[in-house]
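Residue numbers (this note's numbering), protein chains in the order written: chain A, 1 to 995; chain B, 1 to 107; chain C, 1 to 190.
Among these hints, one or two may not hold up.
Claimed, not checked - Using 20 Å as the maximum straight-line C-alpha spacing, the simulated EDC-like pairs for lysine to aspartate or glutamate come out as follows:
| no. | chain 1 | residue 1 | chain 2 | residue 2 |
| --- | --- | --- | --- | --- |
| 1 | A | LYS748 | C | ASP71 |
| 2 | A | LYS748 | A | ASP718 |
| 3 | A | LYS887 | B | ASP35 |
| 4 | A | LYS428 | B | ASP35 |
| 5 | C | LYS181 | A | ASP718 |
Hints in this document: simulated from the structure, not taken from any laboratory.
Given next are the chains, with one letter for each unit.
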Amino acid sequence: MSTRLATGGRLIDRGAPRRFTFNGKALRGFQGDTLASALLAGDQMLVGRSFKYHRPRGIVASGAEEPNALVNLGLSDRFEPNQRVTTTELFEGLTATSQNHWPSLDFDIGAINTHLSRFLPAGFYYKMFIHPRSFWKHVYEPVIRKSAGLGQAPSERDADRYEHLHARFDLVVVGGGIAGLQAARIAAEGGQSILLMEQTAHWGGRAPVDGDEIDGQPAQAWIDATIAALEAMPNVTLRLRCMGAGVYDHGYLLAYERLADHQPQADMPRHRLWRIRAGRIVTATGAIERPLSFAGNDIPGVMLASAVRDFIVNYAVSPGDRVVVVTNNDDAYRTALAVKRAGLDVPCIIDARPAGGGALMEQARQQGIRVETGKGIAAVQGGKRVTGITLCQQAGEGAVIDSIDCDVVAMSGGWSPVVHLWSHCGGKLTWDDPRACFIPDPNRPPTGADGSAFVASAGAASGALTAAEALADAARAIDPTKSASAAQAAPSDEAPLMPVWIMPHGAGAKLRAKMWLDFQNDVKVSDVQLAAQEGYESVEHAKRYTTLGMATDQGKLSNINGLAVLSGALAAPIPQVGTTTFRPPYTPISMGAIAGEARGEIFQPLRRSPMHQWHAENHAHWEPVGHWRRPYCYRRPGESIEGAVSREVNATRDSLGLLDASTLGKILVKGPDAGRFVDMMYTNMMSNLAPGKCRYGLMCSENGFLMDDGVVARIDDDTWLCHTTTGGAEHVHAHMEEFLQTEWWDWKVYTANLTEQYAQIAVVGPKARAVLERLGGMDLSKDSLPFMHWTEGTLAGLPVRVFRISFSGELSFEIAVPAGHGRALWDRLLEAGAEFNVTPYGTEALHIMRAEKGFIMIGDETDGTVIPQDLNLNWAISKKKDDFIGKRAHQRSHMQDPTRWKLVGLETLDGSVLPDGAYATASGTNANGQKHTQGRVTSTYHSPTLGHGIAMGLVLNGPDRMGEVLDFPRTDGTIVQARITDPVFFDKDGAKQNV
Amino acid sequence: MLTLTCPCCNIACDETELHPGGQAHVSRAGPDSGDDAFEQYLFLRKNPRGVHFERWRHAMGCGKWFHAARCTVTLEVFGTYSAQTLEPPQDILDAIAARRPDWQGFA
Amino acid sequence: MSDPVTPLNGASFQGFVTVTETAPQGMITLRGDLAAAALRDAVLAVAGADLPDMGRIVINGSRGCAWMSPDEALLLLPRADVPDALAQLATALEGSHHLAVDVSDARAMFRLEGAGLRDVLAKLTPADVSPAGLAPFTLRRSRLAQVAAAFWLTDQQAAHVICFRSVAQYVFDLLSTSARKGSEPELFDS
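So here's chain A without its partners, still in its complex pose (with noise of 0.2 Å):
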């Protein structure tokens, strides 16, 4: 059983106790474990089930790389699943629940599956569940859902906050192992700006476990004396628990810091995510065990070597009284001493190697520990956990020479350095074969904007894995002139590792197949060789094939060995077979922190009108347009929307309606060349538009489609006011500058966007005028302010521009006024207008109107498609002109085909209301079998005004059909009858607005 020592633990402190749950069951560790040292100070080694198998899952690693030892963390809106215990800090009241298991973790229905492991094989899902074809929508994908996955997805709402945080930093140093302490401390003496992280709450990483000297003392009072020599330089930031999640192009580097999981309760965000522009980044970010591929290595109870060492050392845990250590390197007989020193047993060191190690094969001799060379393990005994282990000779098949009881097995298949963070952005390895490790290639490094290299390794990520070595390697990354100055330590004697990637080397197909390479996703030896031997022989297909790596560890334990295993299938040169590639993020990060601020109500901008707020206090049913929210109606108590829509609609018609159209694009257009530029943005002629008139023009982008629409006026000799959509403001204006910036440069002309300058107000009905004469201070008569004319005055005692338009068919004008009026005259108009039932109306009721009208709707009628021929619009289109934005592209054969879809009016038969965007389908079939059509529905409203169903739509040769009846199919195979007709269903002659 796995124990808490009643001594040491360097993290600890034993002063400070701390109470959790796991699956409900009350433990308690100290304040300084994470989850797993205190669950395995608690005798829970089994923590979990594998994703495919179901299989017992104990905790293997120490850190960042632990693939199997995941939970359920937290409750309700603060549940998280798939946390990592290594890298979980211990808190008081911490709840954590196992995952991937029913109906307990202990006894486990899914785990059948390892049972049925044969009929399980690499592949299985691609070769299963691929006939009948209908059956993966309804049967397969349902079932298999609900089977995979490891973690639930929390129900609620995230309780915390997150937040992003932009810096700059000459140069940030990735990992604050000895080697990031050492390339920080030289560059930061040269007085550059710097950021140090480190992804744990400790600076120094392995080396005071290893029990390293660094300048003849030991590695922590080094460690100590450098922080502190960092933390006093004005030039130096800190952060612990900070995560270098992924480097990306010109030396943008994403960090992960996780400010609060160590402390939830903290009234403060929970993780930061620090978008940093490095000058130069330098990945010190250490190296990864790898474990060995025998039988039985995933049985609970087998666990690295490095991760048994840091849970007595750091957290004075045993994770056992009996510790066999198995290696094919000199770092694990370190492990073996550990234990010893912790007056636990040794019973046996097996080493790969025929000739065995150097000086600490002498050291664990003198201990007293039996070393066994050129021997493997044949296989593991056990459950749920590690009994024993039988011996075999490394060289053979796994004839059992002796058997060795035991409760934890301590591997190590050598290290592999952390090269994610230099592979990101084009960084290129190389095989180190002494080391028999892929390492940073320095010549060739990622580069940046000015095409020089801008990350570099230290330490271990290079491959140096002795102190001596890794700082001496970091030294030289920052400056290798200062190499001597810097910190030293004493090179170690160690004998040369050798390759093992399967034990034995020899092992049949039976071991093979209980041989782990990826214990999260139970990718076994036998998989990997099944996939080679299916041909899948590049690595890519092979990882995808057999899900290798593919789990939420992404491989950090694995690949190599997987690669490994299948260079040998494929008789290929490690290097040759290659990696996949290194994405960030370097571990998974929180959503949370992705996210940032933009969640709730700063989710996204959303744009408010100066009259917002009344809006907001009468009923407006909102429509998004844009990032705008504009009234669609306003719903009165118990009122349902159409009745609402309805009731707006007939009191603009029968006496007087309101209309915020405050988000309507305003662009000025001034200079001497303003209008010849006009006259180049719009279809129409705008140049000879007398000051004082408005116009209605027509934008086309230069593909020919219509883009924009809206009214134009004339302010004075050379200046214009563009009113566009509301949703088209900011394109439109872009669309000018481009065209003044890159084409016509020489062209004088300014323009101004004054979309928020003004709120504008659309005042409209029979008793329009009437209203606004109440307000006083301007004649508005039809004498001084005719139809399509403008003109400036006070209204009210404010400011305004009246325009005399009208998008509804009625007597109407639009009064532009300082943003900051804009509340103010519509409480003035409201007053006012009392007396003739004033009705603010929404976006529904002002598209009803249109669409009596017949006038076309950017968005409804237009698809990015449609040109404006297409809508009737030619007396909109100047012959004049020699050219326009679209001009050319009208000319194109397609453009004049005669067979083009027009605009014309629909009316039901019955009355009803046709579906928006309904096909009219015509006789015969197409080659899918599908009926073939021969226009479609582009908007389509009940009009309140005439009782019945009307739309506007796109048909073959439409208007040449009035009168004509076409079917229009329901979804649910029903046909909706209409006639052709005038798209103007109301006051054809324009009485209404004429008055």
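Given the coordinates of chain A, work out where chains B and C should sit on it, guided by the hints.
Just chains B and C now, with coordinates in the frame of chain A:
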């Protein structure tokens, strides 16, 4: 996530402050142009692997368009320059030649 | 005539930095040849300050002038003086190609006060807001989260932020959220 220096206001812009505008130095084909010329203007783009000239607008900033010479493979930036020009200026061409001796030149 | 209202009626938030919507501010966008003597003289007359160099803003009492782009300046002045100032500019620049227009109501303006103001900005903008990158009276046009904004420091403890009027609430909420106590990143204020 590029950084490009806007030549109009000298700000080293984050890519999120910029709006991309595609290939630079495309000349407009107007109403008198033939079908081929118009197709060239509207649709055909170089999309090279290597040295490329692009348009960018400093949208979250001074609002001005500018041009950038950039390697599409390594993202190395050779320089940024005024949008009011029909072809890359000599100092940009020199900068590219220094870094990419085999480059065939602007055509 | 009733007084114009700002979009948030002077809203304020007290965090590790104080965020306050400022009173109505007169603003004129002036586009033209910024090198022309006539224009520079007109700016001095209206804004009470010389047109500043690229990327800078000058403040002189209740007036000021910011360099916005190679052909655009923003003039700051008391709101009531805007109509006269526009008339003055029209006269002074008659015959020369320019555009001068009142944009006082198109904007919202905030004041940030406190030693941590660079930290607040750094949470929201990719712009360099370090002491080296954003010295007092450097005007930076950039974005705050998802919208365009401009900001400048008047000293190490005070800054102004300008954004469009329609997103005033959004920007106020952004600044307030970022200034919330307990979330001090201590990047610049340490």
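Results for each hint:
1. Between A/LYS748 and C/ASP71 the CA atoms are separated by roughly 12 Å; this keeps the pair inside 20 Å, and the hint holds.
2. A hinted pair counts as satisfied when its Cα atoms are at most 20 Å apart, and A/LYS748 with A/ASP718 qualifies at roughly 10 Å.
3. A distance of roughly 13 Å separates the Cα atoms of A/LYS887 and B/ASP35; the hinted pair therefore holds under the 20 Å criterion.
4. Proximity of A/LYS428 to B/ASP35 is assessed by CA-CA distance (about 47 Å); at most 20 Å being required, the pair is judged violated.
5. This hinted pair does not check out: C/LYS181 and A/ASP718 have alpha carbons roughly 53 Å apart, beyond 20 Å.
The earlier numbered hints that this structure contradicts are 4 and 5.
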